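Please take these sequences and the hints and turn them into a complete structure.
Just so we're aligned, residue 72 is where the sequence shown starts under our numbering, counting upward by one.
These are calculated hints, taken from the structure and not from any lab test. Because the structure is a prediction, the values reported are computed rather than measured. C-beta: ideal position from N, C-alpha, C; glycine also. Hints are not guaranteed to be accurate.
[As the list claims (entries may be wrong)] Cβ-Cβ distance ranges computed for the label pairs, FRET-style: (1) M120 - L88: 14 to 20 angstroms; (2) L88 - A113: 20 to 26 angstroms; (3) I116 - I73: 15 to 21 angstroms.
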Amino acid sequence: TILRSIPNKLGGVLALLLSILILFLAPLTHTSKQRTLAFRPAMKIFFWMLVAN
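If you want it as structure tokens, here you go:
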């Protein structure tokens with residue numbers, strides 16, 4: 072749906088690649104020693120947004 076929502080082909084491909092990159096880089100922003108999702112509210116939101124799509 073990202074590719075269809077942006078009329079420019081290059082812009083759609085860049086948006087798709089950036090969205091995948093954000094999903095890979097999001098866990099690296101966590102610096103706490105707690106590793107579970109219960110202590111990471113931003114990751115919980117990203118997870119449920121991914122599941123909802």
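Report task. Find the hints from earlier in the document that the structure breaks and name them by number, from lowest to highest. Result -> No numbers; nothing is violated.
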